[in-house]
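Peer 1: The chain contents come next:
There are 2 protein chains.
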Amino acid sequence: MDFDEHTTLEAVMDSFRNTPDPRTKQILTTLARHAHAAVRELRPTHDEWEQAIGFLTAVGHKSDDTRQEFVLLSDVLGISTLVETINGDAHGTEGTVLGPFHMVESPERELGESIDQLGTGTPCVVTGTVTGADGVVLGGATVDIWQCDENGFYDVQRPETQPRGNGRGLFRTDENGRFWFRTVVPSHYPIPTDGPVGELLAASRRHPYRPAHIHVIAETPGYKTLTTHMFVADSPYIDSDAVFAVKESLVVDFPESRDQAEADDYGVEIPFRRAHFDIRLAPEEAPE
Amino acid sequence: MDFDEHTTLEAVMDSFRNTPDPRTKQILTTLARHAHAAVRELRPTHDEWEQAIGFLTAVGHKSDDTRQEFVLLSDVLGISTLVETINGDAHGTEGTVLGPFHMVESPERELGESIDQLGTGTPCVVTGTVTGADGVVLGGATVDIWQCDENGFYDVQRPETQPRGNGRGLFRTDENGRFWFRTVVPSHYPIPTDGPVGELLAASRRHPYRPAHIHVIAETPGYKTLTTHMFVADSPYIDSDAVFAVKESLVVDFPESRDQAEADDYGVEIPFRRAHFDIRLAPEEAPE
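As given, the protein sequences belong to chains S and U, one line each in that order.
Take the first sequence: its position 101, counted from the start at 1, is 1296 in our numbering, and no numbers get skipped.
Take the second sequence: its position 109, counted from the start at 1, is 1304 in our numbering, and no numbers get skipped.
Rather than coming from a laboratory, the hints here were simulated on the basis of the structure.
Be aware that a few hints might be false.
[Stated by the list, open to error] Label pairs and their in silico Cβ distance ranges:
hint: 1; chain 1: U; residue 1: E1236; chain 2: S; residue 2: G1334; range: 36 to 42 Å
hint: 2; chain 1: U; residue 1: E1457; chain 2: S; residue 2: R1235; range: 29 to 35 Å
hint: 3; chain 1: S; residue 1: P1217; chain 2: U; residue 2: D1473; range: 35 to 41 Å
[What the hints assert, rightly or not] Part of the chain U face toward chain S, derived, beta carbon under 10 Å:
hint: 4; residue: F1198
hint: 5; residue: A1206
hint: 6; residue: I1222
hint: 7; residue: L1226
hint: 8; residue: T1252
hint: 9; residue: V1254
hint: 10; residue: V1266
If you're wondering where the values come from, they're calculated on a predicted model, not measured in any experiment.
Yeah, the Cβ is synthetic: ideal placement off N, Cα and C, and Gly gets one too.
Working from the sequences, and respecting the hints, build out all of it.
Peer 2: Below is the structure:
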């Protein structure tokens, strides 16, 4: 029963031998194996182990209904984008991280409605289509949108100044697979730095900024749900996203428009900013 | 800026390049590397990733001033005993896990005093000596003791029936390096199963029991602090400790004694149980 550095792992692996669900067993044994490898390599002191316990506990304590510090930790370690990459499907638009702010339901909105309830930012019209990988238009698909305001804050971060649901909208594509809505140009922003993940970034001299982006989840039966962003092409930090989520195919121009006819169509004043983002969904079963 | 499964890790590693403290940099990059390897191997779905986030958050939320669920998680994965093994010093008594219940200060007690304030268990006298690796007796060393009662509960787990400090004592060895105290024989017990770690054990059909033991931290200037247990030799689960902490050298007989002279010396009634545990501390600087 005397364990050395390697037989301890063997005993732990063996302890999971009766796990009935094979995937659970695989997950537990794989995580144990990698965790032991990391500890054997790092050879932490007791103090370092206690610091690690304290850090993880603080991450848990910082998480609540409107803040998810473990998602943030996953994000800044590149785990979230790795999971997206693994689950990506080359037949559809590239995915990227969910982020920690998709925690309240987006209000259902009519096509063309504004998701901005503040009226203080740069007006913007976003249009796009949802199609299958084969180009077939997908009417009735849901397009869940959420973004920060022009100061870089999501509604849940500023409940005193933003009504719940500001910057959020759940749209449904028309019969031609089109969606369109009004908003304001989002700002780049720092991820929340007032928690343990902020301390981690500070200790490693990493900046906490994300380039400006609008979050999208597109979903319709028979296709894989897509979680992605449209990134604002000329945003600061477009080349050094704190959460490693930028993909070239997701970078979208937001040019200024003075097109009066289009302004009338969408009910905005000129000048306004204009973005177009087409979404291709991969089928649930990949084509042969 | 387009990351695949491997370049994501490169970008994360590179993001830590300016970390001023070399050890912090080593810890962050090593953990990131092993975490990415685990994720690449497991290829989690989004749902599984969300379950992992939810599990870690629940572990954090379960932790408070009197409960440390992350320590428990470290324990059941064998990480705690691995850290002990790595930090062990062959010149001294073997160490083992701290466990999650060393969270309140042990009350200072006189040699011979009882740490049991309930009077309902099997009386027991524990004696021992603290020496250096070379056998020199260490007077004035602190011996911090904590244990559960005869029902398997620590004071912090049963604040309504156990006074704070029951089962705990901070002793100081006499000029001959000796310590002795009265207590009751501790019981084997399940680690707390009403949290996420309990769910993990249930999902893997692992029992939650630890064999009966008394915790010890021995400390004196010039020597490495020792965190260990004395295990009760005839305890159930001595061969399948849920936290992998048993070492043969730490298993101690607790025989029954009817020695009236000794009973008088220690102020107990016969019959009583008797245990002896000698502690050798390794010097802070290993001898050449």
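Peer 1: Hints first: check each against the structure and report whether it holds.
Peer 2: Status of each hint after checking the structure:
1. U:E1236 / S:G1334: 36 to 42 Å: holds (40 Å)
2. U:E1457 / S:R1235: 29 to 35 Å: violated (46 Å)
3. S:P1217 / U:D1473: 35 to 41 Å: Violated - the Cβ-Cβ distance for S:P1217 and U:D1473, about 47 Å, lies outside 35 to 41 Å.
4. F1198: holds (6 Å)
5. A1206: At 5 Å from the nearest chain S Cβ, U:A1206 passes the 10 Å test, so the hint holds.
6. I1222: holds (6 Å)
7. L1226: Interface hint status for U:L1226: holds (6 Å vs cutoff 10 Å).
8. T1252: Holds: closest Cβ of chain S sits about 5 Å from U:T1252, inside 10 Å.
9. V1254: With Cβ-Cβ at 6 Å, under 10 Å, it holds.
10. V1266: Given a least distance of 6 Å, the restraint on U:V1266 holds.
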